Amino acid sequence: MKNASIKPLNNKPIHSKEYAIYLKKIRRNKTIILTIQLTILIAIFAAWELLAMFNLIDTFIMSSPSRIVNQIALLTENGTLFYHIGVTLMEAIIGFLIATLGGTLIAIILWWNETIRKILDPYIVVLNSLPKIALGPILIIWIGAGTGAIVAMDVLIMIVITILSMLNAFNACDESKVLLLKSMGASKWQILTKLVIPNSIMEFISVLKINVGLTWVGTIMGEYLVSRAGLGYLIVYGSQVFKLDLVMASTIILCVLAALMYFIVASVEKLVNKKRNIH
Amino acid sequence: MLEFKNVAYKYYSKNGETLALKNISFNINKGELVAIVGPSGCGKTTILSLISGLLKPTQGNVLLNGENVTPEKSGYMFQKDHLFDWRTIEQNVCLGLEILKSKHKNKTETNLFKRIKKSNVEKKEMFLKNKADALMLLKKYGLWEFKDKYPNQLSGGMRQRVALIRTLALKPEILLLDEPFSALDFQTRLNLCDDVYNILKSENKTAILVTHDISEAISMSDKIIVLTSRPAEIKNIHNISLKAKTPLLKREETGFSTHFNEIWKELS
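Chains as they are written, first to last, in our numbering: chain E, 1 to 279; chain Z, 1 to 268.
It is worth saying that the hints were derived from the structure and are not from the lab. Values in this document were obtained by computation on a predicted structure and should not be read as measured data. Where is the CB? At the ideal position from N, CA and C, for every residue including glycine. It cannot be assumed that every hint is accurate.
[What the hints assert, rightly or not] So, partial list: chain Z residues that the calculated Cβ filter (under 10 Å) puts toward chain E: (1) 49; (2) 52; (3) 53; (4) 85; (5) 149; (6) 166; (7) 170.
With these hints in hand, go ahead and build the complete structure from the sequences.
In structure tokens form, the structure reads like this:
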């Protein structure tokens, strides 16, 4: 067998001095970017605080970092902070899971049966272009003013786009790979599990990334419409009683939570890539 | 033995029907390597699909040892290797075996629960045995050390050899090669022709090669079927009697250019 063109893959490459310099350059570049990112963040907050301190801005409508910190401390003390975070987080996670898994399942069904897909196609298209918030009042009347309606709002916002993206990914599967499996005598179930699903993993992860952002949109929107607790409730309440400290504090906590959840999904992506040997 | 008995095939689409094959009759003996050449789009691949049982003839019969063909009896090798990126070489090679395994059922046991249990045990045994055979092939054809690598770590020629072993792992009675070399550069192509030829001959497999390349057809096969343009009919069947041991050496034989000129004339 001729594989002279292939170099032994397990040989550790020997680095030259120039390569070490190249690596160092990459590392230094990374450090510079991170430093600038942090500097911008600190500068914004510092400027905000200083402007507030010298009364150049009105803290009544602009709030200030120190007032936000005080507000968070206050909420922690009376024990309501974690309660509100817990409510919103639960709604966001439940909505996320239902929409992502349910949407993918529906996409599988639509992939499986072309007739069902053709029948449902116009309905999905209309649902997709409909602004989901318009359904808010209906949801409240049907489900009741509570967590149920919020989660339903959240699911509605994510599920249509999940179905469409996953169905697209399933249908984009290379026809000749399907033919290969068929020529081996594979059943439709085997084509699904051995080819179509693993082939769509990257698309699934990008749906996760989209949904992890959208779930906050849905949850907070739901809480604006109807709620007695949660970060969205705090923001609406804070704005109604003109407590901007509360609005700002809730918004910043929301930022942190959303970033954390995104970070978890990004780690899952890294793990999958590593397992699949993609760099 | 594979027989085509007066086969015709029609494609149907919204725009109408197209007659792709007409009056196709030929026989292929066990262990023979037969090439099919013809103008592009004439229906060469349709013939392979008919042999694999993925398509049913509109007219006539395709028989393998006197019985109708089914996908299990043949192995397909495509222009692209179609290795799954998320599977290691070993897992790729075992792809067909996993499908084969799931189809196995115990037929003798009457008690349902015992039958399920027995089937599962047999499935596992069968899979392990087949897998061991497949790994032997990897070893025999120089791919053993790459069994834990992923397809994107292998060269084009190696990937195509893995694809062949994936097909051979199912122990098909007949191999269908649909332009398996055309996506490769010329150098790799010549080497791979030799490799595939050696593998097919040493495993004593019946194989049908569809190709655009007349020299490739002559250098690899025992018999060449020349088709007309659509609807394809058989124009001629050539028996190739070159003595050399490998396709590369056959290209240097004197009889090679005679065959080439004859087929070239028939095609143009």
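Going down the list of hints, with the structure as the test:
1. 49: Hint holds; residue 49(Z) Cβ to chain E Cβ min 9 Å, cut 10 Å.
2. 52: At 5 Å from the nearest chain E Cβ, residue 52(Z) passes the 10 Å test, so the hint holds.
3. 53: Because about 9 Å separates residue 53(Z) from the closest Cβ in chain E, which is inside the 10 Å limit, the hint holds.
4. 85: holds, 7 Å
5. 149: Given a least distance of 7 Å, the restraint on residue 149(Z) holds.
6. 166: holds, 9 Å
7. 170: holds, 7 Å
Every hint, counting from the list given before, is met by this structure.
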